[in-house]
Amino acid sequence: MSHRYRATRSDAHDSDFKHRSSGPSRWSHCRKRGIDGSLRSHSDEDGDDGHSDSRNSSFTTPESAAPVSRCGRQSDWGSQVEDEEMRQDVHRDMQRYRRRILGSEVNQRERKTSSGSSGSCDSREGENMETDEAVLMRRQKQISYGKNTLAYDRYIKEVPKYLRQPGVHPKTPNKFRKYSRRSWDQQIKLWRVKLHAWDPPAGCSQEHTLSDNIEELDLEDIVDIELDFPSLADSQNAPSSLLVHSSATENEDCSATPVKVKKTEDPDVAKGL
Amino acid sequence: MENCSEDYRIQSFDVDTQKLLKTALKDPSSVNLEKVSNILVDQSLKDPLFSKEAGRICYTIVQAEAKQDNGTVFRRHLLNRLQQEFKEREETRKRSLQGWVCYVTFICNIFDYLKVNNMPMVALVLPVYDCLMRLAQPDALLNEEEVDCLVLQLHRIGEQLEKVNSQRMDELFFLLRDGFLLQEGLTSMARLLLLEVLEFRAGGWMLSSTAHKYYYSEIAD
Numbered sequence: 001m002s003h004r005y006r007a008t009r010s011d012a013h014d015s016d017f018k019h020r021s022s023g024p025s026r027w028s029h030c031r032k033r034g035i036d037g038s039l040r041s042h043s044d045e046d047g048d049d050g051h052s053d054s055r056n057s058s059f060t061t062p063e064s065a066a067p068v069s070r071c072g073r074q075s076d077w078g079s080q081v082e083d084e085e086m087r088q089d090v091h092r093d094m095q096r097y098r099r100r101i102l103g104s105e106v107n108q109r110e111r112k113t114s115s116g117s118s119g120s121c122d123s124r125e126g127e128n129m130e131t132d133e134a135v136l137m138r139r140q141k142q143i144s145y146g147k148n149t150l151a152y153d154r155y156i157k158e159v160p161k162y163l164r165q166p167g168v169h170p171k172t173p174n175k176f177r178k179y180s181r182r183s184w185d186q187q188i189k190l191w192r193v194k195l196h197a198w199d200p201p202a203g204c205s206q207e208h209t210l211s212d213n214i215e216e217l218d219l220e221d222i223v224d225i226e227l228d229f230p231s232l233a234d235s236q237n238a239p240s241s242l243l244v245h246s247s248a249t250e251n252e253d254c255s256a257t258p259v260k261v262k263k264t265e266d267p268d269v270a271k272g273l
Numbered sequence: 001m002e003n004c005s006e007d008y009r010i011q012s013f014d015v016d017t018q019k020l021l022k023t024a025l026k027d028p029s030s031v032n033l034e035k036v037s038n039i040l041v042d043q044s045l046k047d048p049l050f051s052k053e054a055g056r057i058c059y060t061i062v063q064a065e066a067k068q069d070n071g072t073v074f075r076r077h078l079l080n081r082l083q084q085e086f087k088e089r090e091e092t093r094k095r096s097l098q099g100w101v102c103y104v105t106f107i108c109n110i111f112d113y114l115k116v117n118n119m120p121m122v123a124l125v126l127p128v129y130d131c132l133m134r135l136a137q138p139d140a141l142l143n144e145e146e147v148d149c150l151v152l153q154l155h156r157i158g159e160q161l162e163k164v165n166s167q168r169m170d171e172l173f174f175l176l177r178d179g180f181l182l183q184e185g186l187t188s189m190a191r192l193l194l195l196e197v198l199e200f201r202a203g204g205w206m207l208s209s210t211a212h213k214y215y216y217s218e219i220a221d
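Those protein sequence lines, which keep their order, are chains S and H. So that you can map any letter, position 214 of the first sequence is 214 in the UniProt record's numbering, and since no number is skipped, the others follow by simple counting. So that you can map any letter, position 90 of the second sequence is 90 in the UniProt record's numbering, and since no number is skipped, the others follow by simple counting.
Chain S extracted, bound-state conformation (with noise of 0.2 Å):
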């Protein structure tokens, strides 16, 4: 582990997380792409294609301090495309979303006057949507390094999705809401905490592990643009300064595991961190 940036940083469990600045880390041995996008071997990871000490610049979370997106400046054709790829895959989901949201909006209304239920914040979903194409991009990028992992594959392997609880389970945070850049930080840190409980077990053959689950990713997966309403996975998920929803509990299906017990669930990967 590196320590050199806690000196620079005030919020030093968050530098920890972003800033690894050398060698193959409990965060980049699970990656299953190197620097250049390649699938990565084994002897990539002794460090044998002369990645090993610049690696820091692709196996950390991007973080711009600009506003302007760091997309923008990448000049080689290969990155152009990809931007270009993500931006209108971005773009696609968007309208996804939107439509999602405008039919779930009718759903809700009816169970509300079905239930008598009092309003929430859930039927201004809608207009809280984040729709800055730089904020979504940025974010699509963390999410992407979080699911090009082997932990990830693991996870969506032995857990199919009707299975995921709230709360128990990590929870891809949703791009499409709005959150400030530290809350949204923060969630993809919890997120990325929790998938390392499937990290593969140290030793095991990876080729293998990757290999078998390739064949499971469903577009679902890759895709995933949840609609996820107020509840209480997301707010466990959000720093607890942030849980603007204060009617999160009336989500009628969510079995109300409190966020603290839930934060002592794994103390291992707390202590890993």
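These aren't lab readings, by the way, just hints derived from the structure by calculation. Glycine is no exception: its CB is placed at the ideal position from the N, C-alpha and C atoms. There may be inaccurate statements among the hints.
[To be verified] Listed next, with one range per pair, are the computed distances between beta-carbon atoms: (1) S:R92 - H:E90: 36 to 44 Å; (2) H:D139 - S:R181: 48 to 56 Å; (3) H:M119 - S:D132: 19 to 27 Å.
For this one, chain S is given, so just place chain H on it according to the hints.
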């Protein structure tokens, strides 16, 4: 069935390379895709026939990789290598006219085959225009080989190019028109090709059946 033309083109490589390419088409993540992209570009730059068809092979590998693990490694290496060659295009042209014509054919073929969500790759639009504009310069119009390449590319991708950037297309056709009307020293074949492509675009990227008959019966004779 689908692989017929690919198999045919792949025959020109040595056995090991053939094996590598075939694996790349079926199981891309198991091979070094940077190496594969370099092999395909190298071959395209020296084999005029291959440069016309390599786009199809590249397309198949890109599709296979995306399907297999959502990867874009091959495309990235391919495009970056194309970019590297683009930077050296003037030297390439001086060194070998055929190599230059092959390069233009190949990049246009890639532009035609590889799409992002069914749209042309924006990153390639201006470079492709730059190549075609170079072919339309007075010194290039004197080479039938270059005129032939230019006209062929415009037949294939002219319409798509104009849709994404019509201003550049206008500029290109000003050059072609001036070349056709004013430039001395053009061969009659070059003039004929230019006249045809001018008419082709004027007809909305189509040749009327009478025009088609006119141009192609003349050439056949």
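Status of the hints after comparison with the structure:
1. Taking the beta carbon of each, R92 of chain S and E90 of chain H are about 39 Å apart, inside 36 to 44 Å as hinted.
2. Between D139 of chain H and R181 of chain S, the C-beta spacing of about 55 Å keeps the proposed range 48 to 56 Å intact.
3. Restraint check, M119 of chain H to D132 of chain S: a C-beta distance of roughly 22 Å satisfies the suggested window 19 to 27 Å.
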